[in-house]
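K.L.:
When you get a sec, could you build the whole thing from the sequences and use the hints?
Sequences listed follow chains A and B, in order.
My numbering puts the first residue of the first sequence at 53, with every later residue one more than the last.
My numbering puts the first residue of the second sequence at 1114, with every later residue one more than the last.
For the record, the hints were derived by calculation from the structure and aren't laboratory data.
We put the CB at the ideal spot given by N, CA and C, even for glycine.
Be careful, since some hints might not be right.
[Stated by the list, open to error] Here are some chain B residues the structure puts well away from chain A; computed CB gaps all over 12 Å:
hint : residue
1    : Asp1133
2    : Arg1213
3    : Ala1237
4    : Arg1246
5    : Thr1326
6    : Asn1343
7    : Arg1393
8    : Asn1414
9    : Arg1432
10   : Glu1488
11   : Glu1546
12   : Lys1614
13   : Arg1669
14   : Gly1847
[What the hints assert, rightly or not] A few chain B residues facing chain A, derived, Cβ under 7 Å:
hint : residue
15   : Gly1209
16   : Ser1210
17   : Gly1589
[As the list claims (entries may be wrong)] Label pairs and their calculated CB-CB ranges:
hint : chain 1 : residue 1 : chain 2 : residue 2 : range
18   : B       : Gly1862   : A       : Asp97     : 48 to 58 Å
19   : A       : Trp85     : B       : Leu1383   : 20 to 30 Å
20   : B       : Lys1700   : A       : Pro84     : 49 to 59 Å
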Amino acid sequence: MSPSAADASASVGAIPIRITINGESHALQVEPWTTLLDLLRLHLDLTGTKKGCDHGQCGACTVLVDGKRINSCLTLAVMKDGSEVTTIEGLAQNGDLHPVQAAFVEYDAFQCGYCTPGQICSAVGLINEGHAQSREEIRELMSGNICRCGAYVNIVDAVEHAMAHRRQSPRNPEARS
Amino acid sequence: MLNAEHTQGAHVGAPRSRVDGRLKVTGAARYAAEFPADSLLHGVIVSSAVTRGKIKRIHTGDAKAQPGVVEVFTHENRPSTAWFDYKYRDETAPPGSPFRPLYDDEIQFSGQAIALVVAETFEAARAAAMLVRVEYTPADHATNLDLQLDEAYVPPKKRNGIKPPPKPRGDAEAAFAAAPVKLQNEYRVAIEHHNPMEPHATTVVWKGGGKLTIHDKTQGSQNSQSYVTNVFGLSADDVEVISPFVGGAFGSGLRPQHQLFLAVMAALQLERSVRVELTRDQTFTLGYRPCTIQQVSLAANRDGKLQSVMHNATAGTSRFEDYQEVVVNWSGLLYDSPNASFDYRLAKLDTYTPSDMRAPGATLGVFALEAAMDELSCELGMDPIELRLRNYADRDENDDKAFTSKELRACYRQGAERFGWSRRSSKPRSMREGRELIGMGMASGVWEAMMQKTAARATLTADGKLEIACATADIGTGTYTILAQIAADALGLPLERVSVKLGDSSLPKSPVEGGSWTAASAGSAVQAACDSVKQALLTAARGLEGSPLANVDLDRIVLRDGRAEVAAHSSAGLAIEDIMRGAGKQKLEAEESAAPSKTAMLTHVGYTHSAVFAEVRVDEELGVVRVTRIVNAVAAGKIINPKTARSQILGGVVMGIGMALEEETLVDHHLGRFMNHNLAEYHVPVNADIHDIDVLFVEEHDEMVSPIGVKGLGEIGIVGTAAAIANAIHHATGKRMRDLPITIDKIIGA
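P.N.:
See the structure below:
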């Protein structure tokens, strides 16, 4: 559904917001109860962001808002008026995978793929935060993202690799956000 | 059919990254609830608030009056569907009467779907669903297995594909009484829910004229298709199920679930596209690993030789179906004992029917057996591996058949070496570091290496590209990738020139994806289809005017790098595109099927084996357990892709850690409902819970178990893991835990 279609479905109570998603500015009318997750998935057809629990318990809905990782299911869309949102669809540049995406493929850091967009956005946020220095810290700080397929060992390998890659090349894309 | 060695090539056996990896890391892979449709309606389910009873009145007026609401379906206004039970019975259904959503006013389990609110938007449907008011006439319920044991029964009708307990051997009771060393214990495992990350969902796209395209979360596109055609009386030509990606299932996608029924019902009635997604808590109204209470008795001579094995189990099932799995048989299979007896019973509970969950039955039975073997080794003062080697079964005594292969000895040896088993002191509570007690434990794992008749199509086009098609699913298992590898090697192509289509009911016939049989079954079918295309291609190549291959024997021609060449002379050959052009072929296509060898299976049986080693650290004061190291040595025949294969085992081990320490669906027996129906309170392992896991594949050649020598990996990783951890906890603490999960309260309280 296009942004204009989202407008069409808006009710009397709809609130106008301006939100930048993956570099593209959207002027939208959203109802106050619409979560950022449902806005992305249902109104903008950005289905890469996943709904695993809708309660902030699994991390599948993780996106980057102004560079920080958040659970989009616990966030009402109207709260993010004026924000810049990066979803999994916005990480690759000109067809080149983001280093975290490439590392997930290389290290087989997923199986079914459903938690993967959230894991990757969370890892990008984690690297931006700069707190994790060891595997132990990566494990702890990635624990808001459940992977039921059990790819954790490979997720830590991928994140560790991407962190080292970023240290080696400071002009990496995640430095943008 | 080519024999196994011919499939060795550039790709089979090599660690390839997933061919669907890019789609998954960019968010481009679409799952059941993510397919778009014009004028899509959203359905939200209303769940029963009582466990058993009748709906006295259901008030839908307020819900219907909400803006955007199109219809509220209940048992009072649902369209009519098939009458007979068999129409609702899918290919994996146990004996009984399958649940029919919105069938009548009867409530059979807590959380049962009793209404579907359909609206123009998801939010409108969700809000209106809260306005449906229900008056119930509640009835007494029974959900506590302990209180139903007196009513337990041997299932009168066997579930298709599930072997009943083997016949007794010798006189197990007398041998038990006479033996010098013995033990008799009860083991319990809590109810577990699959909890795949993707909640169950179905999007039905109304195509007009009664034609439906259905995107369902399923492990079997054709199983969902036949369920829909049977229940709603539709033609298979009018119903296509397309589910290319499945966000995890672990068995929960084997049976068509009630959201499929509800979405199709609404779409047919309203003649619109409809999507129904379960909430996380509603996914707890689907099947689960049943609560199972087991008794294991082992008796041995002082030299460790088993004299008697007795294994009894009672599991919960629903009122309306006799769900069965293989729980006790493993105790007659893994070890050689002259005397053995088995018993498997069910007890009726007011819950939904349990369902297959990763290594159904084996995780339970092998946990009990392997925990008991550890206790026996302590009683004997014998190393646990030595005890297992002294009772090693060289033949399947249950079925009196030979094994197609069994490299379990090598699993013990190589696993122990990798783990550093020799550094283990035999005495419990003898290893510590600071306030942490350190324990090392091990267990065996076993799963049947099955194969099911499966068909696949291979299509080689004039541009030298190959498409593989099969109706089976890839639920994260790596099926897309391994099928591409098999096909690429069969026709000597780079992996990039092979595409694989799965999860579509219109593709060549496949059973549900499950039981660890898909790699062997679909893999063998793809091999056969590609071999047929290769035959046609080489025949065409030799027939071309002036062909350098004209007088070369077929077995001297090899396909590599997109060319057909004489084996010893890579200069003498033709590119595939040139052969196709020369022969005037737009495409060469073959559909073949593969099935297990009936003659081989008269005398032989295939099993996958493993040896799992666990190191735990237990905080003596707090009772907190960390599983610091796992080594899992697996013998599973040929490994097509070591990278995705390792991931399968890692995933099984992680779920096994959850089973050992965390996973438990808690029942409030007073209300008859699951209490912790969310991911905050149903604990699954998170990243911080998982430390080092080392997987090694023991070499195992097996040309009998399947045409491509593959045994399958989806289940074996979980089997044995919980027992190894429980045994390690005993070694660390001296406390014997026979009740999973081993939570902190149990360790502190013991």
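K.L.:
Decide, hint by hint, whether the structure agrees.
P.N.:
Each hint tested on the structure:
1. Asp1133: violated (8 Å)
2. Arg1213: Given that every Cβ of chain A is farther than 12 Å from that of Arg1213 (chain B), nearest at about 28 Å, it holds.
3. Ala1237: violated (9 Å)
4. Arg1246: Holds: least Cβ distance 22 Å, greater than 12 Å.
5. Thr1326: With a cut-off of 12 Å, Thr1326 (chain B) remains clear of chain A, as the shortest Cβ separation is near 17 Å.
6. Asn1343: Label holds. Min Cβ-Cβ 28 Å, cutoff 12 Å.
7. Arg1393: Non-interface label on Arg1393 (chain B) violated, nearest chain A Cβ at 4 Å vs cutoff 12 Å.
8. Asn1414: About 40 Å separates Asn1414 (chain B) from the closest Cβ of chain A, which puts it past 12 Å; holds.
9. Arg1432: holds (29 Å)
10. Glu1488: Fine: 28 Å to the nearest Cβ keeps Glu1488 (chain B) off the interface.
11. Glu1546: Answer for Glu1546 (chain B): holds, closest chain A Cβ roughly 16 Å.
12. Lys1614: The claim holds: Lys1614 (chain B) sits with its nearest Cβ about 17 Å from chain A, beyond 12 Å.
13. Arg1669: For Arg1669 (chain B), whose nearest Cβ neighbour in chain A is about 38 Å away, the distance exceeds 12 Å, so it holds.
14. Gly1847: Non-interface label stands for Gly1847 (chain B): nearest chain A Cβ at 29 Å, farther than 12 Å.
15. Gly1209: violated (29 Å)
16. Ser1210: violated (31 Å)
17. Gly1589: The hint holds - Gly1589 (chain B) has a Cβ within 7 Å of chain A, the shortest such distance being about 3 Å.
18. B:Gly1862 x A:Asp97: 48 to 58 Å: Holds - the Cβ-Cβ distance for Gly1862 (chain B) and Asp97 (chain A), about 52 Å, lies within 48 to 58 Å.
19. A:Trp85 x B:Leu1383: 20 to 30 Å: Distance hint for Trp85 (chain A), Leu1383 (chain B) holds at roughly 25 Å.
20. B:Lys1700 x A:Pro84: 49 to 59 Å: Taking Cβ atoms as reference, Lys1700 (chain B) and Pro84 (chain A) lie about 56 Å apart, which means the hint holds.
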